[in-house]
Each structure stands twice: as structure tokens, then as C-alpha cells.
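Residue strings, one per chain:
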Amino acid sequence: MSFLTVITLLLVYQLIGELIVLEWTLPIPGPVIGMLLLLATLLIKKPLAAQMQASTQQILSHLSLLFIPAGVGVMVHLPRLQQEWLAITLALLISTVFGLLITAWIMLLMMKLFKERI
Amino acid sequence: MISHSAIWVYLSASPLFGLTLTLLCYLLAVKIYERGRYNPLLNPVALSIVFIIGILLSADIAYPAYFAGAQFIHFLLGPATVALAIPLYYQLGKLKTVWLPLTVALIIGISVSGISAYYIAQWLGASEQTMLSMIPKSVTAPIAMGISEKTGGLPTLTAVFVVITGVLGAALGTWLLKRFKIEDEAVKGVAMGVTAHGLGTARAFQISPQMGAFAGLAMALAASISAFILPLALTFIRG
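As given, the protein sequences belong to chains A and B, one line each in that order.
When the letters of the first sequence are read in order and numbered with my numbering, they come out as residues 1 to 118.
When the letters of the second sequence are read in order and numbered with my numbering, they come out as residues 1001 to 1239.
Read the hints as simulated data drawn from the structure, not as lab findings.
Be aware that a few hints might be false.
Okay, the calculated bits of chain A under chain B, using three or more residues with CB under 8 Å as the criterion [claimed, not checked]:
id, region
1, 2 to 16
2, 22 to 34
3, 66 to 77
4, 87 to 99
For glycine and all other residues, C-beta sits at the position ideal for the given N, C-alpha and C.
Generate the whole structure from the sequences, applying the supplied hints.
Printed below as a string of C-alpha cells:
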């Protein structure tokens, strides 16, 4: 499947996702609905996954690039950041460490718990 | 002959500038990251953001003028999110065995990240608007901005916190989890996706497709449920 076909397909699913969100005023982003719909399609039409793999891997390998434009938005909030930089830095840093460790520990704990029960 | 200032006026008004600047800075940042042997402090997204802001400030270009070009890159977040369905599809077998632990970890993880940020910021004397804007900071940008709007935060400030959190999680996550002897690829992926959304997912994909797929799944699930959970958590902590 060509790169153009794959990107078109992704946009079609995103569009359907956005329309669903609009129609039912859901609090979920359109692309997430689009992703779930594509996943459902792959389950029905299994060979599609292998056909789309090479191109989607290309797109996903540069996923972090896509966050830069929003990140540059920091400059709009520079005065606030200058005033509250210590509180903001520590709050974001410590809560990120908490989030990473607690998520991992809870998941490990639950996996152990359920293995014993089943 | 066209004067230099005329060329500059053209460039700073054209979307071509913001777009090209973003790509050039990113490519340069990736090169530096590779040369620096993947030192987490040289995170390419953080470096690119610093480079771009430095250039925009010294050239006196406002953010909206930059974004007019950079929006073409920003736009691709949508189709890239849809594309996560493919790696996810390949991990469905493993998902079937861990979906319940994953869901519990997800709900607790997303709440802990937001609420701990809120309290730490409060303790260090941040303004209320800053505290409120922090609650959805682990959720992917578009939905985090939506939550922030509903709960009394500033959506654009939330977007900034989302990206900073993502950079921190991507830079520290793999190192930290290894330090605490967490080895399961699925568990590491979920922790990265829940805490650091798309940037954590991007980092996880660099390590292994399995870790990336679980990070992507955790990010997508977190995006779907946090719009219900986080406003609830906020009313709970504020009594």
C-alpha cells in the first residue's frame, strides 16, 4: 500500500472520529475514536495491518516532532513562568516521577494479584 | 534590488518560515542528541523548543506568526494518533491478559499525576490558575486543553505543561523505571503512556515496538477516560 493511500486512510478515520464526536458531543478527541475504529477494522480485515505497517512506522518514528509547535507556546507564558518557575518546575518534575512509578507499581501489583486468582 | 528588510518582512509573514524553522531545528536537535550519546538532558524536543524560542525572540516574531507555519506539523498529531491502531493491533494478544491491571493502573496513575502536581504547586505558592491548569498535564494536548477549560484552568498554559511533562517523562522515564528494577516491557510502556502521553509513547517506540504499543494504548485510554475522571477528582479534593 502506498504512503499516499495510508495517509488518506488515516485522515478518513480521523474525519469519521471527529464527526462522531461532533454528533454526540463526546468528551473524547476525534483521533482517539478514529484509532479505535481503525483497530476494529483491522480485526475484521486482518491483512490490512501488514499493508499499513511500513508507512505508519515512518509516521510514528517522528511522533515527538509533532509536539514542538505546541511546546513553543511556552513563549506566550514567559512572564508567568518567570514569576512561578520554581513551583512549576518542581510540581511538574515530582508529579511526573510519582506518576511513572505509581502507575508501574500498581500495574505490577494488580498483575500479581490476578495471576494468583486465575 | 530587494532590501534585506523586505526579504525579512516576507519571511516572517510567510508560513514557510515557521514550518522550515521547526524542521531544521528538530533535525539539528536530533543530531546533537545522537552525538551526545542519547543523554536524556539533550532531549531533542526540549532542545528544538529552546532553539526556536531563541530565534523567534531575537527576530521579534510573535508566536501566532510562527504557528501559522508550524500548524502544518501540529496538524499531523491527528493522523499519527489514528496510526497507533497498527502497533496496538499487533499487541492485542498480550493486552487480553493484562487489560484489568492496566485499567486500574491507568485510573490511579492519571489521578496521582494531576493531583500531586496540584498540591505541590499549591505548597510552593503557585497561583490558583497555575494549579488548576496542571491537573490534566499528563493527558494528550487537545483533550487536556478541553479539560482545563472546563475546570477553570488556562488551556494554552495547560498545553505548555503537557509538553513539559511529556519531555520530562520521555527524558527521565526509561532511566527511572530501570533504576527501580521495573523490567516488564508492557508495564514500562503503560507508565510512559499514562504519565507522558505522546512524547512518552514516542520515546517508548525507540526502545521496542511492544513498549511503544502499550504506551500508545495507555495514552489513548487515558485520553478517553480522563475527561470523566479528572473533573471528578478535582471536585473531590476541593470538597
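message: Flag every earlier hint the structure violates by its number, smallest first.
response: none
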